[in-house]
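There are 2 protein chains.
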Amino acid sequence: MPLVIERMEGVRSAALTWLLPSGCATDPAGIEGVSTLIQELLLRGCGGRSSRDDADAFDQIGGSRSASVGTYAMVVGASMLGRNVEKTLPLLVDMVRTPTMDEESLEASKDLAMQAIDSLKDDPQERAMLAARARHQPSPINRSGLGTKEGLEACTREVVMGHWQAHALPKGSILALAGDVDGSAIESQMNALLAGWVGSAPTPKIGPVGPRGYAHENDPSAQVQIMWIADAPTEASPDSILEKLLISVLSGGMSGRLFSEVREKRGLCYAVSAGYRGDKDWGTMTAYVGTTPQRAQESLDVLQAEIDRITSPAGAVTAQEFQRAKIGMKSSLIFSGESSGARASTIAADIRRLGRPRSLDEMAAEVEAVTLEQLNAYAQQRRWGSVTIQTMGQQGLKV
Amino acid sequence: MPLVIERMEGVRSAALTWLLPSGCATDPAGIEGVSTLIQELLLRGCGGRSSRDDADAFDQIGGSRSASVGTYAMVVGASMLGRNVEKTLPLLVDMVRTPTMDEESLEASKDLAMQAIDSLKDDPQERAMLAARARHQPSPINRSGLGTKEGLEACTREVVMGHWQAHALPKGSILALAGDVDGSAIESQMNALLAGWVGSAPTPKIGPVGPRGYAHENDPSAQVQIMWIADAPTEASPDSILEKLLISVLSGGMSGRLFSEVREKRGLCYAVSAGYRGDKDWGTMTAYVGTTPQRAQESLDVLQAEIDRITSPAGAVTAQEFQRAKIGMKSSLIFSGESSGARASTIAADIRRLGRPRSLDEMAAEVEAVTLEQLNAYAQQRRWGSVTIQTMGQQGLKV
Chain U
1 MPLVIERMEG VRSAALTWLL PSGCATDPAG IEGVSTLIQE LLLRGCGGRS SRDDADAFDQ
61 IGGSRSASVG TYAMVVGASM LGRNVEKTLP LLVDMVRTPT MDEESLEASK DLAMQAIDSL
121 KDDPQERAML AARARHQPSP INRSGLGTKE GLEACTREVV MGHWQAHALP KGSILALAGD
181 VDGSAIESQM NALLAGWVGS APTPKIGPVG PRGYAHENDP SAQVQIMWIA DAPTEASPDS
241 ILEKLLISVL SGGMSGRLFS EVREKRGLCY AVSAGYRGDK DWGTMTAYVG TTPQRAQESL
301 DVLQAEIDRI TSPAGAVTAQ EFQRAKIGMK SSLIFSGESS GARASTIAAD IRRLGRPRSL
361 DEMAAEVEAV TLEQLNAYAQ QRRWGSVTIQ TMGQQGLKV
Chain P
1 MPLVIERMEG VRSAALTWLL PSGCATDPAG IEGVSTLIQE LLLRGCGGRS SRDDADAFDQ
61 IGGSRSASVG TYAMVVGASM LGRNVEKTLP LLVDMVRTPT MDEESLEASK DLAMQAIDSL
121 KDDPQERAML AARARHQPSP INRSGLGTKE GLEACTREVV MGHWQAHALP KGSILALAGD
181 VDGSAIESQM NALLAGWVGS APTPKIGPVG PRGYAHENDP SAQVQIMWIA DAPTEASPDS
241 ILEKLLISVL SGGMSGRLFS EVREKRGLCY AVSAGYRGDK DWGTMTAYVG TTPQRAQESL
301 DVLQAEIDRI TSPAGAVTAQ EFQRAKIGMK SSLIFSGESS GARASTIAAD IRRLGRPRSL
361 DEMAAEVEAV TLEQLNAYAQ QRRWGSVTIQ TMGQQGLKV
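Chains U and P, in that order, are what the protein sequence lines are.
Quick note on numbering: my numbering labels position 76 of the first sequence as 76, and the sequence is numbered without any gaps.
Quick note on numbering: my numbering labels position 367 of the second sequence as 367, and the sequence is numbered without any gaps.
Calculated from the structure, these hints are not laboratory results.
Computed from a predicted structure; not experimentally measured.
Incorrect hints may appear among the rest.
Claimed, not checked - Below are the DSS-like pairs computed for lysine-lysine, each with C-alpha atoms no more than 25 Å apart in a straight line:
1) U:K326 with U:K280
2) P:K171 with P:K280
3) U:K265 with P:K149
4) U:K121 with P:K121
5) P:K87 with U:K330
6) U:K171 with U:K280
7) U:K280 with U:K205
8) P:K265 with P:K398
9) U:K149 with U:K121
10) U:K171 with U:K205
11) U:K330 with U:K280
12) U:K265 with U:K398
13) P:K149 with P:K121
14) P:K205 with P:K280
15) U:K87 with P:K326
16) P:K171 with P:K205
17) U:K149 with U:K205
18) U:K326 with P:K87
19) P:K280 with P:K330
20) U:K149 with P:K265
21) U:K87 with P:K330
Claimed, not checked - Label pairs and their computed distance ranges (CB to CB):
22) P:R383 with U:R49: 30 to 38 Å
23) U:A29 with P:E126: 35 to 43 Å
24) P:Q294 with U:P220: 18 to 26 Å
25) P:E373 with U:L193: 37 to 45 Å
26) U:E150 with P:S139: 46 to 54 Å
27) P:P90 with U:S336: 23 to 31 Å
28) P:N218 with U:T156: 37 to 45 Å
29) P:P208 with U:T318: 55 to 63 Å
30) P:R7 with U:M161: 50 to 58 Å
31) P:E150 with U:G396: 31 to 39 Å
32) P:Q294 with U:P208: 34 to 42 Å
33) U:G199 with P:D53: 55 to 63 Å
34) P:S139 with U:T156: 54 to 62 Å
35) P:Q294 with U:Q394: 25 to 33 Å
Don't be surprised by glycine CBs; every beta carbon is placed ideally from N, CA and C.
Chain U extracted, bound-state conformation:
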C-alpha cells in the first residue's frame, strides 16, 4: 500500500485519507448496497470497543473520522491535531481491520440505508444526477452507491463481513496524510500497526457504456432539473489540463460564460454550472441547470448553445478569459494548499489516478505552461460525442 505523508508548514492540524478498494462498484450482483452498509458499520464499533466507546475515543482526542463509499473506494477520512496523530492511527487501523459489525448495528444500518433510498424522492437534483450517470457510464461504475432495497435486504452479517474482508486489503489501498505530521514516526508506527495485513482485492469488471441520449422523468416538483454529461479526457491525459481550462472558461469564477449567459443576462435559472472529473480510466464533463418549468426549454437551449459555441471559431477563448481561467486555477491551488484535509484528499486521489502525487508547485506549473493557442486548438477539435441528457420535472423538453 502506498503511504504518502506531506508536512505542511504553519498548520497545527493534520488530515488523513485512506482509500480501500471496496467502493460500490465492487458490490456483487444481488447484494447491491453492501458497501453502503459497510460505510455505516465502520463507525459502529471496532477493536473490541462498542460503537459509543469508539466514537468517544475519537472525541476524547478532539479528532473526527468518517467513512464514505465512492465508486472504486471506501474512503476513510480523519482530521485531528497534528500532536494527536499517533493516538489516532491505532483507532483508524481498528476501523479498517477489526470492525465489529454486530447484528444490531447491521439492522440499524439497513434501516438508515433504506431511509436514504426513500429520501431520494424529496431530492430531484440528486435523482436527476444519478439517472444521468446510470445511463452514461458503463456498469458497474454507473451505480449510485445507495444500493437497492432488495440488495440491502439480502445482506446478512456473514455477507457484509465477508465482503469487507475480501476487499479491505493492502493491494489497491492508498494512505495519505498531510499537515503537522512527522513522516518517519508515522511510517514506523503504521508498519507496526499493519503487520500481517496482506492480500489483494478483485477489481470489478467494466461492461459496455450505457445507452446515453435523452431521457425525461416526470416529477411533481416545482423545479426542472437538467443534467448533461459528455466523455472527457482521463486525469493522466495531456489533454486533461486543457479540458480543465476550457471548463473554467465556461463555468469558473464569477464571469464564466454559463453564469453570464444563462443566469445573469437572461435570469433563466437559479443555478447553472459545469464541471470536469478526470479519473484513471475515464473522464466526464458534466453540466447542470436548475430552473422553472416556464424557462426550462430556453435554459437547455442556451446551455447547449454555449457548450457548442466554445468549440467553434466564433466562440474561441479570448485572451482575457484565458488569463482569468489560469489565475482562478492557480489561486484555488494556493487556497487548497492551506487546508490539510484538501491536501490529504488530493494526494490520495492523485496516487489512485496517476500512480503518484503531484505537488502544488507541479500543478501550478501545468496550468502555467498552457498557451492560449494550445487551448483554442484543443477547443476547436473538441467534439462532445455521444452525450447523455436527463431532465426531471413536470414535462419533457426538446433536445
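The hints should help you fit chain P onto chain U, whose structure is shown.
Showing chain P alone in chain U's frame:
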C-alpha cells in the same frame, strides 16, 4: 465603522467580512424582499463597470466576492491572495458605495428571487426551519430573508436604491480582515476609499415574541421534518459558554447523546442535531430531526426526552462527556484558526454581538475555565421555557 485586521502566520490567503446594517429585518412593510434584491444587485455592476466587467475584475486577480442577506446585516465577503488585497478593496468599496442597480438587472434579480420562493416547495427542511422561526422570534427578526412575492413586485429601482442608500452607512457597519494582511497599509487605504462616507441607518423596531407552541404543516414529501426551538442566553451572557458546552454534550462530536440515542441506538432517523446561536439581544437552542413517517412520533419523543434528561439529576453531564465537549470545542477553535475566511467572519460577528473581537486564545481560555460542577449547576436549573415545535410531513404528531 470598526475596522479590525488580524494577521495570520503561515497563510498566503486573506479574507474579508463586511457587515452593513441592511439585513432583511430592515425591509419596510410592503417591500419585504428589498434586501434580497440588493444582495443580487451588488454583484451586478458598480463603480461604472458592467456586471460582467465587475465579475471579470475579481476573476482577473483570482479573488471572489459574495453578498448574502442576514437578519441584521448585508454580509459582503471576499477571499483573495494576501498580495491582492490592495487591488481588491477598491472593487469592494465600489460594490457598497456605487452599485449600478440598473432596471434590467433588477428585473432579472426579481425573477431569481421569485424562483427562490417557488423552490422552497421542494425543500421541506428549509420550510420547516423558516416556519418554526416565524412562530418563535419576534417580528421582524423572524423573517426568512426571501421576502414575499408582493413585496418583491413592489420594488422599483428607486425603492431599492433608496433603501440601500439609507442603510449602507458607516454607523452600524463592521469590517474585518484576516490572513496574510498588512494592517497599517489597509487602514490608510480604506480611510482614503471611504472618505466622505458618513451617516447612520435606522434600526428595526422589535415586536413581541411569536405565538410559539406546536404547529404542523401537511406536506406530501417522503420524510418528516421536526424542528424544535427554545430561548437561550445571549452571546455576551456569562451563561453562553455553559450553554455551548451543554449543547456539545447533546450534539457535539460523534458520541453526542442525540446521535447515540436517536440515530445510532434506535436507527430512528437519518439526521439529528442540536445547535446554539448566541446573538446580541437574544439566543436560541435549536434541534432538528429528519425521519420517516413511521418513526416520526418516536423520534420526537426520544428527542424531547433527551433534551429534558440533561437538565435532570439522572441525566447530569458525566466527567467523560465534559472532557469530550471541552476538547471538541478547543480543537474546533484551532481548526478555525487555520482558515482566513472563518477568522474574518468570527471577528465581524464578535464585534456585532459583543462590541469587540475575541482572540482564539481568549475563546480557548473561556472553555478551559468552566468546571463540571458549574456546567451541571447550570444544567440543573436550565428550563427550556416556551418552546416552538414545528413538524412538516404527511401527518401531525403528538407533543
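So, going through the hints one by one against the coordinates:
1. Taking the CA atoms of U:K326 and U:K280, the gap is about 24 Å. The hint holds against a cut of 25 Å.
2. This hinted pair checks out: P:K171 and P:K280 have alpha carbons roughly 17 Å apart, not beyond 25 Å.
3. Restraint check for U:K265 and P:K149: satisfied, since their Cα atoms lie roughly 22 Å apart, inside the 25 Å limit.
4. A C-alpha spacing of about 13 Å is found between U:K121 and P:K121, which places the hinted pair at or below 25 Å, so the restraint holds.
5. With a C-alpha separation of about 17 Å, the suggested pairing of P:K87 with U:K330 holds against the 25 Å cut-off.
6. Of the supplied pair hints, the one linking U:K171 and U:K280 holds, its CA atoms being roughly 17 Å apart against a limit of 25 Å.
7. In summary, the hint linking U:K280 to U:K205 is supported, as the alpha carbons are separated by about 15 Å, within the 25 Å threshold.
8. Restraint check for P:K265 and P:K398: the C-alpha separation of about 23 Å stays at or below 25 Å, so the hint holds.
9. With a C-alpha separation of about 14 Å, the suggested pair U:K149 and U:K121 falls inside the 25 Å cut-off, and the hint holds.
10. Between U:K171 and U:K205, the direct Cα distance comes to roughly 17 Å. Compliance with the 25 Å bound is thereby established for this hinted pair.
11. Straight-line distance between C-alpha atoms of U:K330 and U:K280 comes to about 23 Å, which keeps the hinted pair within the 25 Å bound.
12. Between U:K265 and U:K398 the alpha-carbon distance is near 22 Å, which keeps this suggested pair within the 25 Å criterion.
13. Between P:K149 and P:K121 the alpha-carbon distance is near 14 Å, which keeps this suggested pair within the 25 Å criterion.
14. The hinted pair formed by P:K205 and P:K280 meets the criterion: a straight-line CA distance of about 15 Å does not exceed 25 Å.
15. Of the supplied pair hints, the one linking U:K87 and P:K326 holds, its CA atoms being roughly 18 Å apart against a limit of 25 Å.
16. A threshold of 25 Å between alpha carbons decides the hint, and for P:K171 with P:K205 the separation of about 17 Å falls inside it, so the pair holds.
17. Using a Cα cut-off of 25 Å, the hinted pair U:K149 and U:K205 holds, with the two alpha carbons roughly 23 Å apart.
18. Restraint check: the Cα-Cα separation between U:K326 and P:K87 comes to about 18 Å, which is no more than 25 Å; the hinted pair holds.
19. A C-alpha spacing of about 23 Å is found between P:K280 and P:K330, which places the hinted pair at or below 25 Å, so the restraint holds.
20. A C-alpha spacing of about 22 Å is found between U:K149 and P:K265, which places the hinted pair at or below 25 Å, so the restraint holds.
21. Of the pairs offered as hints, the one joining U:K87 and P:K330 holds, with about 17 Å between alpha carbons and a cut-off of 25 Å not exceeded.
22. Our hint of 30 to 38 Å for P:R383 and U:R49 holds, since their Cβ atoms are close to 36 Å apart.
23. A hinted range of 35 to 43 Å for the beta carbons of U:A29 and P:E126 is consistent with their spacing of about 38 Å.
24. Checked against the given bound of 18 to 26 Å, the beta carbons of P:Q294 and U:P220, roughly 22 Å apart, stay inside it.
25. Between P:E373 and U:L193 the CB atoms are about 39 Å apart, so this pair conforms to the stated range of 37 to 45 Å.
26. Under the hint 46 to 54 Å, the C-beta atoms of U:E150 and P:S139, about 51 Å apart, fit the expected range.
27. Checked against the hint of 23 to 31 Å, the pair P:P90 and U:S336 passes, with Cβ atoms roughly 27 Å apart.
28. The beta-carbon spacing between P:N218 and U:T156, approximately 39 Å, falls within the hinted interval of 37 to 45 Å.
29. Checking the proposed 55 to 63 Å range against P:P208 and U:T318 shows it holds: the Cβ atoms sit about 58 Å from each other.
30. One distance hint, 50 to 58 Å for the beta-carbon pair P:R7 and U:M161, holds here, with the actual separation near 53 Å.
31. The supplied range of 31 to 39 Å is met by P:E150 and U:G396, whose beta-carbon atoms lie about 33 Å from each other.
32. As the Cβ distance of P:Q294 to U:P208 is approximately 41 Å, the hint placing it in 34 to 42 Å holds.
33. U:G199 and P:D53 have their C-beta atoms about 59 Å apart, which keeps the hinted 55 to 63 Å range intact.
34. The supplied range of 54 to 62 Å is met by P:S139 and U:T156, whose beta-carbon atoms lie about 56 Å from each other.
35. A hinted range of 25 to 33 Å holds for the C-beta pair P:Q294 and U:Q394, which are about 29 Å apart.
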